[in-house]
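K.L.:
Given next are the chains, with one letter for each unit.
There are 2 protein chains.
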Amino acid sequence: MPVETITWKNGKIRYIDQTLLPRKVKFIDCASVPRLWKAIKRLEIRGAPAIGIAGALGVALAANNSKADTFEKFLAELRKEIKYLASSRPTAVNLFWALSRMECLAESNSFKPVATIKKILLKEALRILDEDKKSCRAMARYGASLVKNGDTILTHCNAGGLATADYGTALGVFFESKRQGKHIKVYADETRPLLQGARLTAWELMHEGIDVTLICDNMAASLMAKGKIDKVFVGADRIAANGDAANKIGTYNVAVLAKYHKIPFYVVAPVSTFDFNIRTGCDIPIEERDANEVRTIMGSHVAPAEVKVYNPAFDVTPNSLITAIVTEKGIFRKPYQKSLARLKRP
Amino acid sequence: MPVETITWKNGKIRYIDQTLLPRKVKFIDCASVPRLWKAIKRLEIRGAPAIGIAGALGVALAANNSKADTFEKFLAELRKEIKYLASSRPTAVNLFWALSRMECLAESNSFKPVATIKKILLKEALRILDEDKKSCRAMARYGASLVKNGDTILTHCNAGGLATADYGTALGVFFESKRQGKHIKVYADETRPLLQGARLTAWELMHEGIDVTLICDNMAASLMAKGKIDKVFVGADRIAANGDAANKIGTYNVAVLAKYHKIPFYVVAPVSTFDFNIRTGCDIPIEERDANEVRTIMGSHVAPAEVKVYNPAFDVTPNSLITAIVTEKGIFRKPYQKSLARLKRP
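Going down the list, the sequences are from chains A and B.
The first sequence finishes on residue 370 if you use this note's numbering, and the numbering steps up by one all the way, no holes.
The second sequence finishes on residue 370 if you use this note's numbering, and the numbering steps up by one all the way, no holes.
These are computed hints drawn from the structure, not numbers from a lab.
It is possible that some hints are incorrect.
Any copy will do: because identical chains look the same in the list, a pair fits if it lies in one copy or spans two.
[To be verified] Simulated pairs of lysine to aspartate or glutamate, DMTMM-like, Cα-Cα distance not exceeding 20 Å:
1. Lys147 x Glu127
2. Lys353 x Asp299
3. Lys65 x Asp314
4. Lys65 x Asp53
5. Lys209 x Glu330
6. Lys250 x Glu312
7. Lys48 x Glu330
8. Lys157 x Glu28
9. Lys286 x Glu317
10. Lys252 x Asp307
11. Lys332 x Asp235
12. Lys250 x Asp307
13. Lys283 x Glu317
14. Lys209 x Glu232
15. Lys250 x Glu148
The shape of chain A in the complex, shown without the other chains:
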């Protein structure tokens, strides 16, 4: 069973603090929106689907904590908190998708008492969480159909249970493949600067009994040249209408390598990761993070303290490098502009 990354517990949001893994498994009970904002910002909660769920639960929490006695006051408060939560991280679209879904629901229930709307909002947040669980399982099944017994697979960052409420996206494919009796071997990129591959993916895969080998991000090419990688599976933080996919920095690097070595490159992401308002990946906002994430590791300086740093948290893989996109609604292939169109929400 995957770890419970994020849940609702006694009127609070309970989540595992991912900055402490794998050294410490610590659950936090979060009772306020500012604390949740910080948790998303600091990557205590991370992974596009998990951030979406956190956003939805955050709106439920804000509603729950509200003392407003009229709908107008309540909605004004809620909108302020939603705007605040939306400012935590700019790239993963699941956050905006979940916040917007919660806001629309509040608006459309204006005729009901505030106490009732609070219940409706919590129910909706839990539905988003539950939908994520189901979509993880569906993605895993579709994805596993692409995996053969004996495959060696490369993955980047953490697209596992820790990035979702359940099985994960890319890693879900591995868990399901194993469940189906396929023997697979996984290489996990450590994923600098924040080492989600080393800290989270290695930990999760070992926990689930999957054969995992950790590498530095710059070692994948040499493995590919030796014919040791059969497939690449990664997650995504936002996918444009044409299939261009933003994901953790370094994903585009892997995609170019996969193309050069003629290795299939698969993106696994729920429909909530698609942003049909954005035509191509060029328009996806890319978060730049603090220089000290590169200059220091686990608090130790590894570079001159004053050195300039470029630290984008994500990059964009163009659709041409993506063999297929696996969602809970099926597997999509080129031309994406056309194939993905059927996912558009009306």
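Once you've looked at the hints, dock chain B against the given chain A.
P.N.:
Quick look at chain B alone, frame taken from chain A:
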């Protein structure tokens, strides 16, 4: 002026301990071959040309410390120490080249008194050091002819003064370009696992007043996609007769990215780095290092303690991905098999 990476001082080998940089500038006076072996193994001394010089000085040290009173005893001792030094690191050929040059010289002076041979050997080691200084300057001049005013250049690992006795190989090109009044900007890959880019290259370039920005190894692709990299310059640890070049792990990664983005990729290395006994890169032995270099950073665990690790210290860039090889004897281009033939020692 570049830092004095390695010299001969009062009968000892003085070198800067590169494992402590950039936090601490500490010089070690090494008086024994086992201590030198450890210094090479632990990467206190690193960089193919510097390892070669260390090897030559190591033979001079062994000779100096010898109490043998006959040539036979002296040579037997020397050969034992040479064999031992050769076991420190397997990939950089400069070490074997320098050790073999010293051994041949001892052999060819068998008719002289041991005390005289000791002097001859020290003189030869200092000549190797001096040749390296001169070849650094010559490589830098040839390399700088490939650099335009305004270029933005990517480099990987540390091919600087710290890898040689002087200006460096790839970084020497930058220093010389600056000296010629060209404005350049450098992106330095941090170069996991041992972070030579973050610790050494960033430090050296800042020290010499060159505009340097540090990135994680997985960020180069996104810079290239944005058209922000004009050229790549790297060093090499061993170059086969056909131009295939072994260099720090991740170099092949960068070479593939450069090819994909149509960016020139230059290797800068002295003639002592060529191994004409080896036809192609497939035959270059690649050192695999301890798993804990990946699992831990600066002593802190960044991954599960028991996770499997793949940790090759080098990879091989095939000649097809190399735009040109810059040596102290000029710039060589494809077909390398043919162009490099004129470097073969008779």
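K.L.:
Now look at each hint and say whether the structure bears it out.
P.N.:
Taking the hints in turn, this is what the structure says about them:
1. Within a single copy, Lys147 and Glu127 get their C-alpha atoms as close as 13 Å, which meets the 20 Å cut-off; across copies the closest is 80 Å, which misses it.
2. In this homomeric assembly, Lys353 and Asp299 come within 20 Å of each other (Cα to Cα) only inside a single copy, at 16 Å, whereas the closest approach across copies is 55 Å.
3. Only within a single protomer do Lys65 and Asp314 lie at most 20 Å apart by alpha-carbon distance; the minimum there is 11 Å, versus 34 Å between protomers.
4. Taking CA atoms no more than 20 Å apart as the test, Lys65 paired with Asp53 passes inside one copy only; the shortest distance there is 17 Å, against 48 Å between copies.
5. With identical chains, the CA atoms of Lys209 and Glu330 are at most 20 Å apart between copies only, with a shortest distance of 16 Å across copies and 41 Å within one.
6. Only between protomers do Lys250 and Glu312 lie at most 20 Å apart by alpha-carbon distance; the minimum there is 15 Å, versus 34 Å within a single protomer.
7. Taking CA atoms no more than 20 Å apart as the test, Lys48 paired with Glu330 passes between copies only; the shortest distance there is 15 Å, against 31 Å inside one copy.
8. Proximity of Lys157 and Glu28 under a CA criterion of 20 Å is satisfied intra-copy only: 11 Å inside one chain copy versus 60 Å between copies.
9. In this assembly of identical chains, Lys286 and Glu317 lie within 20 Å of each other by CA distance neither inside one copy nor across copies; the values are 33 Å within and 30 Å between.
10. Proximity of Lys252 and Asp307 under a CA criterion of 20 Å is satisfied inter-copy only: 18 Å between copies versus 35 Å inside one chain copy.
11. Taking the shortest Cα distances, Lys332 and Asp235 sit within 20 Å of each other only across copies (9 Å), while inside one copy they are farther apart (38 Å).
12. Taking the shortest Cα distances, Lys250 and Asp307 sit within 20 Å of each other only across copies (13 Å), while inside one copy they are farther apart (36 Å).
13. Proximity of Lys283 to Glu317 under the C-alpha cut-off of 20 Å is found in neither arrangement, the shortest distances being 29 Å within a copy and 29 Å between copies.
14. Taking the closest pair of Cα atoms, Lys209 and Glu232 come within 20 Å of each other only inside a single copy of the chain (13 Å); across copies the shortest separation is 46 Å, beyond that limit.
15. In this homomeric assembly, Lys250 and Glu148 never come within 20 Å of each other (Cα to Cα): the closest approach is 49 Å inside a single copy and 41 Å across copies.
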